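We have chain A already, so just place chain B on it with the hints.
Those sequence lines, one after another, are chains A and B. The first sequence stops at residue 372 when you use our numbering, and every number in between is there. The second sequence stops at residue 1372 when you use our numbering, and every number in between is there.
Hints are computed from structural coordinates only; laboratory data are not their basis. No experiment lies behind these values; they were computed from the predicted model shown. Ideal Cβ positions, reconstructed from N, Cα and C, are used throughout, including at glycine. Mixed in with the good hints, there may be bad ones.
Unchecked claim - FRET-style restraints, in silico, Cβ to Cβ:
#, chain 1, residue 1, chain 2, residue 2, range
1, A, Ser187, B, Met1352, 55 to 65 Å
2, A, Asp243, B, Glu1311, 52 to 62 Å
3, A, Gly356, B, Ile1240, 44 to 54 Å
One letter stands for each residue in the lines below.
Protein chains: 2
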Amino acid sequence: MSLDLIPGGTIGILGGGQLGRMLALAAARLGIKVHIYTDSASPACEVAAAHTIAPYDDERALAEFVNSVDLITYEFENIPAPTATKLAESCLVRPGPNVLGVCQDRLAEKEFLAAAGVAAAPYMRVDDAGALARAIAQIGRPAILKTRRLGYDGKGQVVVREGADLAVTFRSLGGVPAILEAVVPFSKEISVVAARACDGAFAAYDICENIHKNHILKSTRVPAGVPMDIAVEAVRQTHIIADALDYCGVLAVEMFVTDAKSGAGQAFALCVNEIAPRVHNSGHWTLDGAITSQFEQHIRAVAGWPLGATERFVASKASFVEMENLIGEEVNSWSKVLADPSAKLHLYGKEMARPGRKMGHVTRLVKEPGLL
Amino acid sequence: MSLDLIPGGTIGILGGGQLGRMLALAAARLGIKVHIYTDSASPACEVAAAHTIAPYDDERALAEFVNSVDLITYEFENIPAPTATKLAESCLVRPGPNVLGVCQDRLAEKEFLAAAGVAAAPYMRVDDAGALARAIAQIGRPAILKTRRLGYDGKGQVVVREGADLAVTFRSLGGVPAILEAVVPFSKEISVVAARACDGAFAAYDICENIHKNHILKSTRVPAGVPMDIAVEAVRQTHIIADALDYCGVLAVEMFVTDAKSGAGQAFALCVNEIAPRVHNSGHWTLDGAITSQFEQHIRAVAGWPLGATERFVASKASFVEMENLIGEEVNSWSKVLADPSAKLHLYGKEMARPGRKMGHVTRLVKEPGLL
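Chain A extracted, bound-state conformation (with noise of 0.2 Å):
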C-alpha cells in the first residue's frame, strides 16, 4: 500500500456541500488540510483551509487548484468529466474520472450494471418521441422516463401512466436523451455504504434501510431488516461493482428488495437502483454510529490509507442507528433534537431553508428495551 498523502498534505475537493464539509472535517482530524473548489459559495468553504469559487471549466482557476494540492476527490458525480479528466493529466484524481463517466449517464450506468452481471430494473433507451413509444411497448405502464444526465433527488424523471401523451411526456423532460425504467414493486429500499482502497481491499458498513419522501431520503436505519442472505448478497453485489469500476474511495449502491421470487428460488431479490461514488447520505449515520465514519473511510482510501473499521457501535440484536434528514423548515426543530438526549444534531450551515432543501440531520442510537 502506497501511501500517497501524508499528513499536513492537501486533498482538493471538487463541491462545496454538505458532503463536502463533512469530508472537510473528517480531514482536519487526520491532520490533512483541504482545499474546496465549487462553483458558488457554499457551506465547504467555511471550514476547509482553502477555497476557490469559480465555475468548473476556469482553466486558470482549475491550474491555480491543481498547483496547490496534493490530490483531489469529489463530493458529487456531476462535475463535469472533461474537467475531472483534464485534473488528473497532472494530479491524482480518485475515485478516476473513468467512474464519472459510468455514473453520469444513466444509459452507461445500466449497460455497466449488466455487463458487470448484476440485476437492474430493465430499461431501454430513449432519444425521441417515437423511441419512447416502442420502449413502452415493450416495457409497458407504468414506467419511469429519466433523463441520462443531471438527475437527483427525483429531478429530471417522471412517472409514465396510462392515457399520458408520449409526446407530451418527452418534452416534458427538455427532450433530452433518457431512458424508460420498468418500476420495481419493492418491499424495501437499501443502500450498501462501502469502501475500496487502493489495493483492492473493501470493507462494506452494515445495510442501511431507507425510507424517501417526494423522491428525497427522508431516514435511514441501520441494520435494515433484512435477512442475512439478502445482506450478503447486496454486499456482494456492491463488492463486484466497486471491483468492475477499479474504485477508489466509499460508493453507495441504493437497492430495492423485491419479493418477487427469482429462477434460484429465493424468497427476495435484489435490484441495483443506483450507483453513488461519493460519500452517501445514507452513510450520515457512521458518523455517530461507526468507529470510522464513511467521511473518514473516503478520505483514508483516496490518501492511500489502509481502511478504518467499520463496526457499528453497540452492534447486538437490541440496537439500531437511525438518522433522519431534517429538509427544509425541518431544520427549525434545531432547539427540540438538542434538548433530546438521545439525539446527535448536525447542521451544514446553510443561510436559507428553502423547501427540499437538505439542512442538517440527526442521528440516534436507539435501544429496544424489548430486546434487552
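Here is chain B on its own, set in the frame of chain A:
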C-alpha cells in the same frame, strides 16, 4: 434556559491551538461559525470560518473581533485577564472573566479552593527568598516551588530538595511571585471533566486516570481504577468548584488520590491539584468514546444550549477507553496507528514536531476479553 446563540451564529474563540481547533470542528457540526483570535498562526485557523492573528492587547483588532461574533469563549486560561474583561463589556464571555482571576494565579486558586471547602495540597505564599525559607521551615522538603502565573506542563516549577540553596532556587524561576506546595504522596492522578450549563445544570464524564511523563500528560484511561466512593466524591468536589465559580462551559479538575487515611476514616482521600477552566487533554477520549464530546459539550454550554449526554460508549465492566498523546517525534508513528483497526488517530496539523509538543493523540476502545 436562554438560547444565546442560534445556528448560523458565530462563536469567537481566544486561542488557536489544538483545543481551539477541536472546538471549531465541534461547532461546525452544529452549524455554528467560529472566529479564532490568536497571537500567532495556529492549528485552529485552518478550520475556522474566520481568524485574526494579532496581539492579545491590540485594541483595534479586538474591537473588530468583538463586532464579528455573537459570544466569546477561550481555549486556554492564560489569555490576559484584562483582555477578557474588556471584551465582556460588550459581549458575552463564557466562562466569565472572574474564572481567569482564580485560575491564572496559583495563590488565588488555592485560596478559592480553601474557601470552597475543597482539599488541596498545603501551600504557602512566597514573594521573595526570605519567604521561601520560612515556607520550607513549615512545609519541609521536598516541596515544589511554583510561579503564581503562566505555568503549564511542568513549566514554572521546581522541586526544592534537601541541600538546595533557597536564594538560587527562588531566582531560578525568575524571582517572580510564587507559592511553595507540599509534595503529596499519591497513588493515582485522576481528573474530572465536566460541564456546567448557564442555568446551573451539571454533567460529568466518567473519571479519567492520567499518566504524566516529564510533567506532560502521556495517557488517560477511562474509567479510572478507583473505588466508586472516590469517583462520587471527585465529581462532588468538581460540582462544588463549578458552582462556586458560577461556571459556564467545560472544566477539568485534576486531583491526586492519596492512600493516607483521612479523619473520616476513608481508605482513600482526594487532593485537588489544579483547575483547568476549559476543555482538557484528559477529556480527548470523549471524541470517540462518549455520546457528546467535551468539545461539543463546551459549545453547547457557552451557547446557552442544554448539555448533551455524557455516557461512555460500550460502557460495560469489560471495556475501557484509552487515550495516548503523540508528543514530539512520536507523531511519526501515524501510519502504524492507521493500520490498527482499534485505534482512532487525531492529528492537529502542526508543522514542527518539537520535543514536548503535543502533535496529536490516539484513542482506543478496549474490551478486556477475560471480562466479556
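Now for the hints, and whether the structure bears them out:
1. Ser187(A) to Met1352(B): 55 to 65 Å: 58 Å, holds
2. Asp243(A) to Glu1311(B): 52 to 62 Å: Roughly 40 Å apart at Cβ, these two residues miss the hinted range, so it is violated.
3. Gly356(A) to Ile1240(B): 44 to 54 Å: The hinted range 44 to 54 Å holds for glycine 356(A) and isoleucine 1240(B), with Cβ atoms some 51 Å apart.
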